[in-house]
Every structure is written in structure tokens, then in C-alpha cells.
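Chemist: Sequence lines, in order, name chains Z and F. By our numbering, the letter at position 30 of the first sequence is numbered 30, and the numbering carries on one by one without gaps. By our numbering, the letter at position 68 of the second sequence is numbered 212, and the numbering carries on one by one without gaps.
Everything labelled a hint here was simulated from the structure, so no lab data went into it. Treat the hints with caution; some may be incorrect.
[Said to hold, decoys possible] Distance condition first, Cα-Cα at most 16 Å in a straight line; then the derived EDC-like pairs of lysine to aspartate or glutamate:
1) K92(Z) / D155(F)
2) K92(Z) / D119(Z)
3) K199(F) / D24(Z)
4) K101(Z) / E58(Z)
5) K199(F) / E78(Z)
6) K55(Z) / E311(F)
7) K205(F) / E58(Z)
8) K198(F) / E58(Z)
9) K203(F) / E58(Z)
10) K151(F) / E58(Z)
11) K328(F) / D286(F)
12) K162(F) / D202(F)
13) K199(F) / D119(Z)
14) K198(F) / E100(Z)
15) K198(F) / E71(Z)
16) K328(F) / E311(F)
17) K55(Z) / E183(F)
[Said to hold, decoys possible] Derived list of chain F stretches under chain Z, where covered just means 3 residues or more per stretch with a C-beta under 8 Å from a C-beta of chain Z:
18) 151-157
19) 195-207
We put the beta carbon where it would ideally sit given N, CA and C, even for glycine.
One-letter residues, chain by chain:
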Amino acid sequence: MDEKTFEPKIVAFCCHYCAYASADLAGSMRLQYPPNVRIIRTPCTGRLEVEYYMKAFENGADGVLVAGCLEGGCHFIEGNLIAKKRVKGIQKIMEECGLEKERLQMINNSAAMAKNLVDAIHVMIYVVKQLGPSPVNKKIGIGH
Amino acid sequence: MIVAQRKSISDIHNIIKKHENILVLGCGTCVTVCLAGGEREVSIISSALRIASKKSGDKVKISELTIERQCDNVFIETAAEEIKKNDAVVSLGCGAGVQAIAERYPNKPVYAGLDTAFLGILESRGVWTEKCAQCGECLLSDFGGICPVTRCAKHMLNGPCGGSREERCEIKADQPCAWQLIYKRLKEIGEVDKIKKIHVPKDWGKSLNGGSRIIIREDHRI
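Just chain Z, with the same shape it has in the complex (with noise of 0.2 Å):
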């Protein structure tokens, strides 16, 4: 697949409680998104370790999303929060290993912001295509 038709793979971590509740949603308002994101769900983002992220990106996620609860709203109090720090962290460790940190984002979203997730998955899509594939995974993306 050269750049041109280049479709990113986008790894999105969704806390159980909001964003994965909201894709449901967007499912139920028939709202799409395009089919480069991947789904998992987590019982909260606080609960990603910095291993699940590098992992991702070393068997070659274009980027990663990470969608956690509002600020405040976490159902866990602040595992959002503790989300928020180690995701700075790792786009540090990012840089040093040669990806862009924009490869990596994280979003705050409601149970009840389909919206805000679909378009999130959007914008998410076009900072990746922009920037082109994986260092690690050139060769490789949907359909390969």
C-alpha cells in the first residue's frame, strides 16, 4: 500500500463507563466512523499502563486513542486524570524513540457524547494520515 492510499490503524482505548458507552451510542444514533479505529474497551483509562500503549504502537499502530471520562467524572475519581500524566510521559518516551507524539491523543468524553467521539475519531484519522505510517509497521496497514 503506498502513502497515497494509506488507511492508519488507530488503536482506541475507551474507558467502559463513557467512551465505550458512546460508541454505542453512536451506534444506536446511526452515527458512523470510518472502520480504521479498533475498539478496546478498558474498565478505566487510569488502568492503561505505559507497556499497553508502547505494545500497541510496537506491533504497529499508526496512533492511538485513548477516550476517558470528562475531568471530574471519573467513576474510578481520578484514574482520568492519572491517564492524562502518563500519556504526556509516554509521548516523551515517543519522541525519544523516533514517533511523533501526535500519534498519541487522549480525549475526554461523556457516556452521552457520540458526537464528540466520532468526531474525535475523525480528526484523530486525519492527524495520522498526515503524518503517514508507522515508522515500525511502513508496509503494513489495513489490508496488509
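Let chain Z serve as the given structure and place chain F on it in line with the hints.
Modeler: Quick look at chain F alone, frame taken from chain Z:
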């Protein structure tokens, strides 16, 4: 405990890229507690190194292993097989761990993946502070348990220097004046008289002067 920090991934990658098979070796003791070289950090650093290698087109294969302690022969032996299988080792142990591995495997390049920083404690989540300079002659009993050698920016044994402002150090304004802390502590424990004691110049010969130090306990030798 010994507190260390990870070297940058690009620095480690530059060191290892000439090899084909690398073992990233973690240590389960001090550096695990300070979140620099334990099992999780081994996984994170290995992933980052694989990404960096793939990006630059190197064919480095990275294995991971964490042993209980890198500064102890009994535990180093448990890594023997993995070390032999690989061309070089990136040790995520402290300086002692790196050297212990290097000494046991004279023909194997051993690289440091961490910068060993100091002997300290976990102050709060994510904050470590230096508490001991390992000067070789502990004077903590005279100073209410607060070490001026480590915590006073001027290492003064007969303080305070007079430059502190609002209980803060004049050299490092973000840190408390060690002598202020010593005074308060001695007062609290009813030993404030100790502050009047004049300390003669310390014997720095017991510190790092004259090469590395050694302790031999004949009663424990076989």
C-alpha cells in the same frame, strides 16, 4: 535505596545498534522501587528500543529478563543462560549491578541503561530525595538524624552559614535549609545543646578519595 533514572532511548539505541541480539536485564530491587529498572521498565524500554530499531532499519533482536538482584552472584546465575544467548546486555541495574554483570561475563559487552543518581528515599508518589552521600563516617547522631553533608548545599558541619532566607537554602531556594531542619529537630528531641558542638574537619579519606572502598568482615569470610 539507590535511586536511578532511565537514559534516553536514543542514547541507549545508539549504543546497542551495532549488535544483533540484545538482552535488556532488569533488577528487582532498588531500581524497581524507584521505577527505573524493574520488570515493567524493562518491558517499556525494550518496546521503545524495538520501535527505534525498526525505524532506523537495524536488525536488533531484543530479549527481556528481570532478576531479583543484579549485585548478587546467586541471582546473576539465574540470568546466565539468557546472557550467553545474547551478544550484549543492557543492564537496568544501578552502577553496582552493571559492574557485577560485567565482571562475571568478561567477554560480553554490558551497557548501562540507567544513570544512577543517589541514595535516597521515596518522598511522595513520583518524588525521590537524596538523603545519604555515603561519606563513610556517619555523623547523623550529632545532627538529630538530618545529614548536613548531604542536605546542606555547602556540606557545612558547623552551620548554619547565615545565608538562608525564610528557612530556605540560599543556593537552592526550592529546598529547606538543612541547618534550620537540624535546629528544629534537635529542639524537638531536647538535644539543642548539640548544635553548639564544634566539629573538627571530617576525615574525607573514608569517602571516595583514593579509589573505591572495600569492607572486609573476617568474621563472615569463609
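Chemist: Confirm or reject each hint.
Modeler: Hints, one by one, checked against the model:
{"no.": "1", "hint": "K92(Z) / D155(F)", "in the structure": "14 Å, holds"}
{"no.": "2", "hint": "K92(Z) / D119(Z)", "in the structure": "26 Å, violated"}
{"no.": "3", "hint": "K199(F) / D24(Z)", "in the structure": "36 Å, violated"}
{"no.": "4", "hint": "K101(Z) / E58(Z)", "in the structure": "14 Å, holds"}
{"no.": "5", "hint": "K199(F) / E78(Z)", "in the structure": "35 Å, violated"}
{"no.": "6", "hint": "K55(Z) / E311(F)", "in the structure": "47 Å, violated"}
{"no.": "7", "hint": "K205(F) / E58(Z)", "in the structure": "13 Å, holds"}
{"no.": "8", "hint": "K198(F) / E58(Z)", "in the structure": "9 Å, holds"}
{"no.": "9", "hint": "K203(F) / E58(Z)", "in the structure": "14 Å, holds"}
{"no.": "10", "hint": "K151(F) / E58(Z)", "in the structure": "20 Å, violated"}
{"no.": "11", "hint": "K328(F) / D286(F)", "in the structure": "13 Å, holds"}
{"no.": "12", "hint": "K162(F) / D202(F)", "in the structure": "8 Å, holds"}
{"no.": "13", "hint": "K199(F) / D119(Z)", "in the structure": "30 Å, violated"}
{"no.": "14", "hint": "K198(F) / E100(Z)", "in the structure": "15 Å, holds"}
{"no.": "15", "hint": "K198(F) / E71(Z)", "in the structure": "36 Å, violated"}
{"no.": "16", "hint": "K328(F) / E311(F)", "in the structure": "11 Å, holds"}
{"no.": "17", "hint": "K55(Z) / E183(F)", "in the structure": "15 Å, holds"}
{"no.": "18", "hint": "151-157", "in the structure": "holds (count 4)"}
{"no.": "19", "hint": "195-207", "in the structure": "holds (count 5)"}
When each numbered hint is compared with the structure, violations occur for hints 2, 3, 5, 6, 10, 13 and 15.
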